[in-house]
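Colleague: Residues per chain, in single letters:
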Amino acid sequence: MLGIEDKGVLAAYLLCLFSTALCVVYGLINWNRGDEPVEPDDVKWIAKEKKVEEDL
Amino acid sequence: MLAEVEIAEIIVVLVYLLVIVYLGIMGYLRTKSATDYLVAGRQVHPFVMAMSYGATFISTSAIVGFGGVAGLFGMSVLWLTVCNIFVGIFIAFVFLAPPARRMGHHLDAHTFPEFLGRRYESRFIQIFAGFIIFLFIPLYAAAVLIGGSVFVASVFEMPYPAALLLFSVIIAAYVIVGGLKGVMYSDALQGTIMFVGMFALLVFCYRFLGGVTEAHQKLSDLAPLAPANLQAIGHRGWTAMPKFGWGSPEYNLWWIVIGTITMGVGIGVLAQPQLVVRFMTVRSRRELNRAALVGGVFILVMTGVAFTVGSLSNAYFAENGPELTGRVVKVLDAEKNLASLQLMSQNEAGLWQDVEGKVAPVKLFGDVDQQVEVEGQTVALQKGRSISIVYAGGLADEIIPSYIISAMPKWFGLLFLLTLLSAAMSTLSSQFHTVGTSIGRDVYEQVTGQHGKSTTITRIGIVIGIIYAVVISYYQRESTFIARATAIFFGLCASAFLPAFVGGLFWKRMTRAGAISSMVVGFVITAFWLTFIKSQEAQTIGLSEKLFGRVSLLLDHPNWPVVDPLLVALPVSIVVAIGVSLFTQPPSKEHLDKCFRGR
Numbered sequence: 280m281l282g283i284e285d286k287g288v289l290a291a292y293l294l295c296l297f298s299t300a301l302c303v304v305y306g307l308i309n310w311n312r313g314d315e316p317v318e319p320d321d322v323k324w325i326a327k328e329k330k331v332e333e334d335l
Numbered sequence: 007m008l009a010e011v012e013i014a015e016i017i018v019v020l021v022y023l024l025v026i027v028y029l030g031i032m033g034y035l036r037t038k039s040a041t042d043y044l045v046a047g048r049q050v051h052p053f054v055m056a057m058s059y060g061a062t063f064i065s066t067s068a069i070v071g072f073g074g075v076a077g078l079f080g081m082s083v084l085w086l087t088v089c090n091i092f093v094g095i096f097i098a099f100v101f102l103a104p105p106a107r108r109m110g111h112h113l114d115a116h117t118f119p120e121f122l123g124r125r126y127e128s129r130f131i132q133i134f135a136g137f138i139i140f141l142f143i144p145l146y147a148a149a150v151l152i153g154g155s156v157f158v159a160s161v162f163e164m165p166y167p168a169a170l171l172l173f174s175v176i177i178a179a180y181v182i183v184g185g186l187k188g189v190m191y192s193d194a195l196q197g198t199i200m201f202v203g204m205f206a207l208l209v210f211c212y213r214f215l216g217g218v219t220e221a222h223q224k225l226s227d228l229a230p231l232a233p234a235n236l237q238a239i240g241h242r243g244w245t246a247m248p249k250f251g252w253g254s255p256e257y258n259l260w261w262i263v264i265g266t267i268t269m270g271v272g273i274g275v276l277a278q279p280q281l282v283v284r285f286m287t288v289r290s291r292r293e294l295n296r297a298a299l300v301g302g303v304f305i306l307v308m309t310g311v312a313f314t315v316g317s318l319s320n321a322y323f324a325e326n327g328p329e330l331t332g333r334v335v336k337v338l339d340a341e342k343n344l345a346s347l348q349l350m351s352q353n354e355a356g357l358w359q360d361v362e363g364k365v366a367p368v369k370l371f372g373d374v375d376q377q378v379e380v381e382g383q384t385v386a387l388q389k390g391r392s393i394s395i396v397y398a399g400g401l402a403d404e405i406i407p408s409y410i411i412s413a414m415p416k417w418f419g420l421l422f423l424l425t426l427l428s429a430a431m432s433t434l435s436s437q438f439h440t441v442g443t444s445i446g447r448d449v450y451e452q453v454t455g456q457h458g459k460s461t462t463i464t465r466i467g468i469v470i471g472i473i474y475a476v477v478i479s480y481y482q483r484e485s486t487f488i489a490r491a492t493a494i495f496f497g498l499c500a501s502a503f504l505p506a507f508v509g510g511l512f513w514k515r516m517t518r519a520g521a522i523s524s525m526v527v528g529f530v531i532t533a534f535w536l537t538f539i540k541s542q543e544a545q546t547i548g549l550s551e552k553l554f555g556r557v558s559l560l561l562d563h564p565n566w567p568v569v570d571p572l573l574v575a576l577p578v579s580i581v582v583a584i585g586v587s588l589f590t591q592p593p594s595k596e597h598l599d600k601c602f603r604g605r
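Going down the list, the protein sequences come from chains A and B.
Take 280 as the starting number for the first sequence in the numbering used here and just add one per residue.
Take 7 as the starting number for the second sequence in the numbering used here and just add one per residue.
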């Protein structure tokens, strides 16, 4: 199949495509899911991260 | 040479630089790094985010280093792409990133060692992890640096040391002037050009070789041309898995491809310090869901294409590479016209003579060219074309640059070079940033107790990291160094950090003692294995030879000298983490509530 006789390499070739398909399907299904409210911890973290970046 | 660069090529370079400068300026004036977006509470377009992720994580190491390894070992390296996509994108983005992001924010952790240190309430953990990262990430940075320098050297036909110096100066200037902060739109542009460039490379390659099936078939037919030293360790052609088994050197290649390349790098990506911090700069789980989609496709087109094209470059060169002339010393496959050719050249007097030590596996074409007299004997001169590694001068790291320069128009090579270099720059920036913070924030601040006063030490750390990486890049020029250095760093991260990281995210019963012992055991076994067992690394380090008079303590026990440290250290480290945790005092409820709030 596909000019590759070795099953191990053929499996890798096809699994690359299947794994990508899995990521695509998962991403499409959950495209608008998972939005989270911003919590005080997040705000604090962001402010500090910004300071760390600026100090450098 | 530079003088031969044509108008079209100059235009490509100028337009590219102008766009990058424009985006850079726009970035500083308006939208900046991922953190700026978070501060402003704005959303990043998922395409821009995923492309900038890609440009940060995929670099010259994956494309030039591992693509070259595929050119040498073949398409079995695609198992690494399977791991890259399934483990590095799907598992990482869907399962690890959301809790890591939440917990990182709850604990106010800004580096990976800080994350581990605060999760387990241990200064030792933060300092220990900081030291390991400081010491070993320059090895990975060197891999990226070499990849870029090799490409510069090939495109501009300049010596490698000059290319390394040029690239290092540019990187140092970029990092010191303030390029540490990844500007998302520039990153996204680089990611997009890399994506389009790699896709074009694949389409061109398959079209040139007559289609997907035909291309693979042509590559399969070349199996007898695999170099003899690789056949001896299990190479069975570029479209076949290496021989699998245990107890004989003929199985070494399987353990290299699957043990070191696939497992070492494929699993190690989960505990990459820069990756974990990057997860924390994401606004919500929704962005991670979206990035999983684009990331999966991006990685397929980056590493999948690099490994496929790297392998297929053998078929390209066997049909279209520079002609080699010589006499047949061994017929490898009479039906397919495959043979070993002793290369010959004409001396000043016009007489043909052997080029000493140059025997290449070739696909012969045409009939016998002419009969010549060599030292009183009549010899039939024949012409043939060889495989990638021959044209790359024996260095696997040179295969992808040689292929691109030979097969693609020069302007494409230049555009590809610029993209790879800028992608390397964003990766190197984040690596050197990690080097600096690990010694400044994680080691210096924790040891001295002077919190928030480590900026100078961080900067010094970055400079030391750059020098250290450049020195490694200068001295280490072995065939597959890029892939090996990357594998060492990724494997070390997995063995030392993965059980503590994953346990910390998902297992409330995991204790400080469990984390410390698993980290120490993972690190010590890896260091011991690299110094005394894994022959190639042990030979470079030289201590085993000095102390025991042999490069590996298990030299007479194949296949131990090629087994990756990860395969031994990670299982032991996991068992130790679980075992010690079960027998030690669990963390306080208050601390766990703080870590796992909302879960």
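To be clear, the hints were calculated from the coordinates, so they are not data collected in a lab.
Everything numeric in this text was worked out from a predicted model, so none of it was measured.
It is possible that some hints are incorrect.
Computed cross-link-like contacts, DSSO-like style, restricted to lysine-lysine with a CA-CA straight-line distance of at most 27 angstroms [stated by the list, open to error]: (1) B:LYS336 / B:LYS459; (2) A:LYS330 / B:LYS342; (3) B:LYS249 / B:LYS389; (4) A:LYS329 / B:LYS600; (5) A:LYS323 / B:LYS459; (6) A:LYS323 / B:LYS514; (7) B:LYS336 / A:LYS286; (8) B:LYS364 / B:LYS224; (9) B:LYS336 / B:LYS389; (10) A:LYS323 / B:LYS224; (11) B:LYS389 / B:LYS364; (12) B:LYS459 / A:LYS327; (13) A:LYS329 / B:LYS389; (14) B:LYS514 / B:LYS552; (15) B:LYS224 / A:LYS327; (16) B:LYS459 / B:LYS514; (17) B:LYS224 / A:LYS286; (18) B:LYS595 / B:LYS514; (19) B:LYS600 / A:LYS330; (20) A:LYS323 / B:LYS342; (21) A:LYS286 / B:LYS514.
Colleague: Taking each numbered hint in turn, which are not upheld by the structure, reported in ascending numerical order?
Modeller: Going through the list in order, the structure violates hints 1, 2, 3, 7, 10, 13, 14, 15, 16, 20, 21 and respects the others.
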